[in-house]
Each structure stands twice: as structure tokens, then as C-alpha cells.
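Using the hints, position chain B against chain A.
Chains as they are written, first to last, in our numbering: chain A, 1 to 517; chain B, 1 to 517.
Be a bit skeptical, because a hint or two may be false.
Treat identical chains as interchangeable: a pair holds within one or across any two.
The calculated lysine-lysine pairs, modelled on DSBU-like cross-linking and capped at a C-alpha distance of 35 Å, are [as the list claims (entries may be wrong)]:
| # | residue 1 | residue 2 |
| --- | --- | --- |
| 1 | Lys358 | Lys240 |
| 2 | Lys152 | Lys296 |
| 3 | Lys296 | Lys494 |
| 4 | Lys142 | Lys297 |
| 5 | Lys22 | Lys482 |
| 6 | Lys104 | Lys22 |
| 7 | Lys22 | Lys68 |
| 8 | Lys142 | Lys22 |
| 9 | Lys295 | Lys142 |
| 10 | Lys265 | Lys296 |
| 11 | Lys126 | Lys297 |
| 12 | Lys22 | Lys105 |
| 13 | Lys142 | Lys296 |
| 14 | Lys126 | Lys296 |
| 15 | Lys7 | Lys297 |
| 16 | Lys295 | Lys126 |
| 17 | Lys142 | Lys126 |
| 18 | Lys240 | Lys126 |
| 19 | Lys126 | Lys22 |
| 20 | Lys240 | Lys142 |
| 21 | Lys240 | Lys265 |
| 22 | Lys296 | Lys105 |
| 23 | Lys296 | Lys90 |
| 24 | Lys197 | Lys362 |
| 25 | Lys142 | Lys362 |
| 26 | Lys22 | Lys296 |
| 27 | Lys160 | Lys297 |
FYI, nobody ran anything at the bench for these hints, they're computed from the structure.
Number of protein chains: 2
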Amino acid sequence: MTTIKEKIPSSPAYQNLMQLHKNTGRLEAIAEIISRDFLTAMPEGAYSNRVDQISYLQRRIHEDLISKQAQAQLEEAQEHFAAHPQMWGKWHVANLSGMENVYKKQAILSTDLMETSALIANEGRKLHQDILNSGDWSEAEKHLTRVVDHTKRLAERKAKWRNSATLYEALIQDHSPGFDLKTIWEWFNHLDRELSKLYPKIMERQKRRPDIIPLNGPFDKEAQMLLNRSLIGLFGFDFKRGALYETGHSPVEGGTPDDARLVIKNVDDRNFMDSMKSALHEGGHGLYLQNLPAKKKWAYQPVALDLGTTIHESQALFIEMIIGRTPAFFEFLAPRLEGLFHKFNDPALTAENLYRIKTEVKPTLHRRSADEVTYFFHVFLRFQIECDLIEDKIKVADIPAYWTEWMHKKLGIMPQNHAEGVLQDVHWFVGKFGYFQSYSLGHMIAAQLYDKMGEDIPRLQGEIQDGDFHSISSWLTNNIHKSGSLYDTETLLKKATGSAPSPDFLLSHLEQRYLTD
Amino acid sequence: MTTIKEKIPSSPAYQNLMQLHKNTGRLEAIAEIISRDFLTAMPEGAYSNRVDQISYLQRRIHEDLISKQAQAQLEEAQEHFAAHPQMWGKWHVANLSGMENVYKKQAILSTDLMETSALIANEGRKLHQDILNSGDWSEAEKHLTRVVDHTKRLAERKAKWRNSATLYEALIQDHSPGFDLKTIWEWFNHLDRELSKLYPKIMERQKRRPDIIPLNGPFDKEAQMLLNRSLIGLFGFDFKRGALYETGHSPVEGGTPDDARLVIKNVDDRNFMDSMKSALHEGGHGLYLQNLPAKKKWAYQPVALDLGTTIHESQALFIEMIIGRTPAFFEFLAPRLEGLFHKFNDPALTAENLYRIKTEVKPTLHRRSADEVTYFFHVFLRFQIECDLIEDKIKVADIPAYWTEWMHKKLGIMPQNHAEGVLQDVHWFVGKFGYFQSYSLGHMIAAQLYDKMGEDIPRLQGEIQDGDFHSISSWLTNNIHKSGSLYDTETLLKKATGSAPSPDFLLSHLEQRYLTD
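Okay, chain A solo, but in the shape it has when bound (with noise of 0.2 Å):
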């Protein structure tokens, strides 16, 4: 691998500075390990303690990082590189420029504004139960008013550093780096009228296909996880280096190479196809977190962090929903699930009755159980609904009748209550604002990957069919996970598949799939 020749640079600001990220590293994995904790194992009374613990960890993290002498090394660091071009390797010419990345966006950072970011991250997490539990509109008003406040103040000085064109073209990079807002705006108008065409026609289509043999249950909760473990094993997640959880909480990813964290939401005996997909959903993170570079010279080094969000999600995504709804995928699956569940011949159990199931589509009030086709609606409404606050042109109080309308029209169905409707994310509570644009970008990313995967491996569809997910994760690592953070979003991509990102992959992917199979 090109990463172990690499000398490295003959700076010593620089070598301080490969130092003092190894060193936060080791902080901030720290910080991951107590954070799973935190949902798997921590009793409730250790709550408050806790809380404080993790953002003491990040204080500390924050003061390594912007120290004098931090600031003082990067500049050293870079005046060598500039001088002394060629004792770079591209590896640590991304390693600088990812540290320089990591002191701009700790250092615009005040202690009052990250004190108030941890206090919402914890606050807004209880809030949320509470008021789904209550269902009180003017709770969650004052409280998300105030985030939008305080997301504006840290967008104002993340726009002032990236030189945003615009407050939320700030808060996007965050979890969207090197996409433009423009851009993503063109391509969601793009997905938005071509899928609005494409909706009616699935629709029109689907009728008839056969009815849906509703899964009969119960199916034990042991055997469902024997299966998400089984199933993400064979994708090629090392459980020697990470685990998969069931937990009260929703879905999340963590840790480190060395020990990825899985939770996924308490199995339903009713249907294993829920817990299923949380897991290869969470194992598609899982892929990419355990094969980032972990060569002990670029441990928690920026360069072998991985990209951000939007590749996140497309890795997720990709295991979930791309290659998790092939018919192939579900012959191979049908056969075994008979034999797990205890059910021969269950009518409902057959590959072409789960395919049946899992590429229904129809109009949900909820994001997370959409379809793959309505899918982008659900982002599309969060989209503009975020820009919009932070361009303020709408308010917090308008968002009802904003969600309300947007699902009328392009669904054609309207939430009966908060719940059904802007209660239903975490999101916003927590102030992760300028992040769901990743879930419908990272889809995109996937089919892109998927098309270019099915040239590259021919008997892509047969070995699924077989079980054997061997060259999908080794082309996964080789053209995604193992370059971490070593290209921009764009020239990976672009390296990966030949083409720019571009949205008419997964236009085609959908065409493909729900109107000529």
C-alpha cells in the first residue's frame, strides 16, 4: 500500500502536531467508548455524571487542539510543506490539510457555544421522549426556536471560516463536505420532478404485481439476532474488532477501527424484517469504520478518519437498501429463514413474497419506514424546511402547517398529530441541523457505486444470490473505505466509479428496479 512508504515529512511542527492528534485520538476514542456505554450498558443513575464526563472529555479535546503551540506548529507545518513540496507524500499532504481542518473548526468554537451545543445534544435527547410521550406542540416550539437561535450563531462563524455563500451552505459542510449548496439544490430539484413522474408510474405498476403474504409470527427475538449478527458477518464485519447491540435507543454507529459499536432498537417478534434492516443499515457504517487505515503509524490521524456523513450514509445505505432489496439477496435469505424461524414452507417466507415486501411502495406519514422511492420526499421536506429556518424565512411555529401541506401534496396524506409529523426526527432537537440532505445524497453515492460494482464484478447478482458478500466488501474497502479521508468526496468518487456524483444513478437504479424488473 501506498500509505507505508511514506516518509514522513522531516518538519518537527509537523511531527508535534501527527503527535498531538494521536493523542486527542486517544481522547476522542475514549470519548466513543463511554458514548456507547452510555446506551448499552451505563445503569440511569450515572445519567448527569455522565454528561458532564463526555463534554469535560470534549473541553479537554478542544483546548489540546487550539493551544498556542497547536496554532504555532500548524503554521511551521504548512510553511515547510509550501517550501518543501516534494518531501510531501499525498498522504500527509491530506493529513495537514485535515489538521488544519480539525484547529479552523475547534477553534471558531467558543466555551459558551459548545457549553450550549452539549447542553442541547443531552437536553434536546429527553426533551424529545417527553414531549413525543405528551405530544406538547408549544414544548418543543421553545426548544427548537432556541436551537435554531443557537445554530445560527455557530453558522454565522462556520460561514465566515469556509467562506460560506450562505448560513446553511455552512452548517451542510459539516456533514456534507466539498458538496455545494447550489449543487444540491439542482440535484434535488432534479430527483424531486423526476421522481414525482416516476411515483405515479411504480404506483400504477405495482398494482399488479400479487398481493403481499403478510409475515406471520412470532418470530424469537434470539433467532432474529443470530440472524442480523449472521448477516453482517457475512458482509465481512469482524466482530474480533466490534459488536452489534440491541438496545431502548434508536439506531447509531460508533467506536473506533479497532472496536465498532452497533445499536440497533429492540427487536419486534412480529417482524424480523425491521431489526434486519437496522442492521445491515448499521453494518454498512460498521464496513466502513473497520477498514478505514488503521496501519498503527495513521491511527487517529485526520487523513484515516473517514469523509464525513454523506459517505457514511451511502455505505449504509448501500448494504440496506441497494444491495439488502436485490430478489437475489432474498433467495438466498428465504431458504435459511425458514429453517431459523421454525416455519417450512410458510407461504409468507418465499424470496419473491419478502421482495414483494421490501420494495413496496407506498405513502408513510414516517421517514424511517419509507420506501426506497418516497424516500427522498421525507429528505427533501426536512431540506427545505432547515433552510428555510435558517434563512429565516419561515419560523419554528410554521412548520406544522408547512410539513402538513408538503405531505399532502406530494403524498397525498397528512399527519394526524405531531408524532406522525415533525416529532418523528431526533434531529433537530439535538441540534443536527445540515444533515439530512447526507441520507438522500448517500443514497445517490450507493447507486452510483452499485452501477459501477455490477460492471466491475460480473457475477455480482449470483454470488449474493450464494451468499457470498466477499468481493462487494473488498470493492467497498478498495474504493472507499481504505482511502479514509485522502481525496475529497468528488475525486474518490470519481476514482471509484469513473463519474462525478450525479443523481440520474439513482433515477436509473429506481427506474430499474421498480418499473422493469
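Coordinates of chain B only, in the frame set by chain A:
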């Protein structure tokens, strides 16, 4: 509580030190959690990075605690106390003294010594496991010789700081602060003489007891863990602020008052009494940890910490060996066990038979399975070997012969291999010297507390028989736990029992239980 009313002394230096200890305490708490995760959840592939992360945290804590600023503040705070003693309540006085202790303990460590200690602690655990499998004594000898050398280097620094008469005295202060070596020798020689007389009498008397009816398994493993959790719950362990885990590792406790994590070894379905014994032992540790002063003001302060291993062991042995082996405890337990394990009228599960099993005195080669009477001999053997090793009277190579001779002389049995002898404990392999005496000192203290508790709680045996352990846990909390490190061990014991520590309480307890019951 007195702790609430005490005003914080108006010394800015002391106030800064309180903040420093709050911060290092947060890092210590984090290290505790990731160390517990190490045993209960970490995938094996994360081993080396986790070890590195833990020792990095320890290094940060060390640097924070011995900074020039911290040193200056300590001197300033001490001057403030000397000038204005009337402004200092007793909790703050004890806290300042704890701060000085922490400072000195850290200040004598060089980076080199810290790294060697960490290496020994981590490699030693693995090596011990390997040697147990291979039985290769020469490997053990090599490692232990290195550990002894390192321990002596540490002891020299500790002896200087503590003004200890000998190197070994300096080492035992880590685990038994406040006890001097000369007194321990007197007590242990006294116990040795008296127990050597008691032991044959007990063996003789025991012959007249009805034969033990062996336990007739299997005992469902989940039911065993239910039993273990229920019992420590009845003793007052709060599962909202802690948990009990079953793992492949040796039993251990750790965590913080709001997140106490107890670990016992995998339960054995042939014998529920082994895991119950461990759970009661760890439960005793857990109660101490959970009931330390936990008011926000004192969180992470030295005065709010426990008094060290000796008092910790006294609490564990109090629940496990003292209360957990009363006839009344088995009266409570017996009928419930019949139900729990689906063995109605099993003659092995009568209160009388269970009591006979747990109070059977017989020579055994293993410390951990030793009975309450001969347990001391196992500790005394190790104590003498440590003392002689550190004072250069014997070499590591001499241990096996020493061990065999002593076991033969005291108990009339001899190890047939090293696993039955010197390899049975992990302590020395990980660098824990000066620890073993805590078990017998703890046993002495437990007996002393039991003596006083019998006076203070007139219906003690009746309450145990009812499974009502409230008075017991309140008594322990009020007399021991809630004082944290406010008093030294001797003062605490005098306050709790009216007497200075003495081996006579243990001797009376053993005579009472094994010769007159």
C-alpha cells in the same frame, strides 16, 4: 449531615485544587468505566489500543496533578490552613490532607516508572494466564524477578516519602494506610498461634457433625444470576446506580458511586454457591462504593473516596463471610432455593446442610476456596514471602520450596504443581505487592464490626432470617461508608465500635461460630 454545613474555606488556592480534583476525578471515573468495559464488552481486537488509551489517561491525570501550579496551590492552601485553622471544617481539613497524599503519591512517580508499572499490569495478566496453561515456571520466575526489582525501585521512593522504616512497610501503606508493619506482624503472629490451636479443635469437633449432603445440580445459570442480583439487591445494592456482570475474568469491582460495576466469574451450573459467594463479596464492595459521600460538592474530592483496600475488603468479607455464613442467612435462603432451582424437598438444600457446606473447615491448596478458619494461613504465607522478597531475604526462585514447606507444615498438604501453588494468584504477576494482608486485616475488621452490630441491632439474627438487611446496610453506611476518607482507619473503627482494631474479635467470632454453635 455535617458535610453540608461546612463552608468552603476562603483560600482561592484550595478552591482551585477542588476544581483540579473534580477534573482529574472525572478522568479517573472515565478510566474506571473503560476499564470495566474492557472486561465486560470490549472485543478482543481492541486490546492493545485500549491498554494504550487507559495508560494515556493515567498520564494526563498524572501531569494535571503534579503541575507546578498544583504544587504551588497545595503549599498556599496549607499555609492558609496553618494561618486560619478556624475557617477549616473537618471535611475540608481531611480533603486537603487527601490532596497532599494524592500529590505525593503521583510526584514520586517518573514517566519511566509509570510506564513499567502499566506494562507489568497489562502484560502480567496475560502472561499469568499463559503460564497457568503451560505450567512453565522458568517464565514465571523471569517475570516475577523483574516485577520484584521494579517494585523495590517504587518502594524506595515510597519509603522516602512516607518515612517508612522498611521498604515493605512503604508498600503496604498503599493498601492498608494507617497500619504499621510491626503491628501487623504482631497481630498476624498472634493469629497464627491462636488459629494453630483452634484449627485442630475445630477439625476434631467437626467429625461429630452429620455428613454433608453434596449439592445435586445442575443449577440453571440464569436462575443463579437472578439469585445473585436479588441477594445483593436485598443488601441494598442499587441497580439504578450499578450492575453485576458475569464474565470469564476474575471477580473485580470498580466504577463510581453512581455507576458501580461488579464483575464475577462465569457461573458454574454444578455449584451455585461459588457464584453466590463472589456476588456477596463483590456486593459488599459495591455497597461501600455506592454509599460514599456523593453530594455534588464532594464529588471526586479525595475526602469522598474510600479508605483503601483494607476497609474495602472488610466490607466485602462482612457480607460474604460474616453475614453470608450465619445459620439465619441459610434459613432465609433454603426454601427460596428449592423454588428457584425447581428442587422441592432436596435434602441438600436444607438450611442445616447449606450451613454445613459453607462452614466446613478443611485444608485446601487454594486461597480462594479456603474456609473462614484456614483462610488466614494462606494470607500469612503470601505476606511472609512478600516481606522476605522485598527485604532481599529470599529470591523468586526460592518461592516454590518455601510454599510447599509452609503448606505442609500448616495444613499437612502440598501442591503437586505450580498452578496449585504460587501461580494461583494474579497479584504478583501484575505488580500488586503489599495487598494480601488486606484480606486478613479486612476479615479482622469485619468481625469487629459484627461484634458491635450485634449490640446495636438486638434482633440482628431474626432480621437476617427474614431476609431484611436494611438495618445491616444502614449500620454499615452510617458507621463506615458515608465517612469516605474523613477519618483514618483507626479513628473510624474506634468511632464505629469503641475499640481500636484487634485480632481478638476475629478469634472470638471463629470460636463462637466453629466451636460453640
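Worksheet item: Taking 35 Å as the upper bound on the Cα-Cα distance, should Lys160 and Lys297 be classified as within, between, both, or neither?
Response: Cα proximity of Lys160 and Lys297: one copy only (34 Å, versus 41 Å across).
Worksheet item: At most 35 Å between C-alpha atoms: does Lys240 with Lys142 qualify within a copy, between copies, both, or neither?
Response: between (45 Å within a copy, 31 Å between copies)
Worksheet item: Which holds for Lys295 with Lys126 at a C-alpha limit of 35 Å: within a copy, between copies, both or neither?
Response: So Lys295 and Lys126 pass the 35 Å test across copies only (24 Å; inside, 39 Å).
Worksheet entry | Identical-chain pair category, Lys22 with Lys482, by Cα at 35 Å | For Lys22 and Lys482, only the intra-copy Cα distance (19 Å) is at most 35 Å; the inter-copy one is 41 Å.
Discussion item. Within, between, both or neither: how does the pair Lys152, Lys296 come out at a Cα-Cα threshold of 35 Å?
Written reply: between (39 Å within a copy, 34 Å between copies)
Item to complete: Could you place Lys22 and Lys68 in one of the four classes (within, between, both, neither) given a Cα distance threshold of 35 Å?
Response: both (18 Å within a copy, 25 Å between copies)
Item to complete: Have a look at Lys142 and Lys126 and pick one of within, between, both or neither, based on CA distance no larger than 35 Å.
Response: within (15 Å within a copy, 55 Å between copies)
Discussion item. One pair to classify: Lys126 and Lys297, alpha carbons no more than 35 Å apart. Within, between, both, or neither?
Written reply: Between copies only: 25 Å across chains, 40 Å inside a chain, cut-off 35 Å.
Practice prompt. Classify it for me, Lys22 with Lys296: is the Cα-Cα distance of at most 35 Å met within a copy, between copies, both or neither?
Written response: both (10 Å within a copy, 33 Å between copies)
Fill in: Copy assignment of Lys142 with Lys362, given that the CA separation must stay at most 35 Å
Within one copy, since 34 Å is at most 35 Å while 71 Å is not.
Worksheet item: Are the CA atoms of Lys22 and Lys105 at most 35 Å apart within a copy, between copies, both, or neither?
Response: both (18 Å within a copy, 28 Å between copies)
Worksheet entry | Intra- versus inter-copy proximity for Lys22 and Lys126 (alpha-carbon distance at most 35 Å) | both (33 Å within a copy, 26 Å between copies)
Comparing the model with each numbered hint stated earlier shows that all of them hold.
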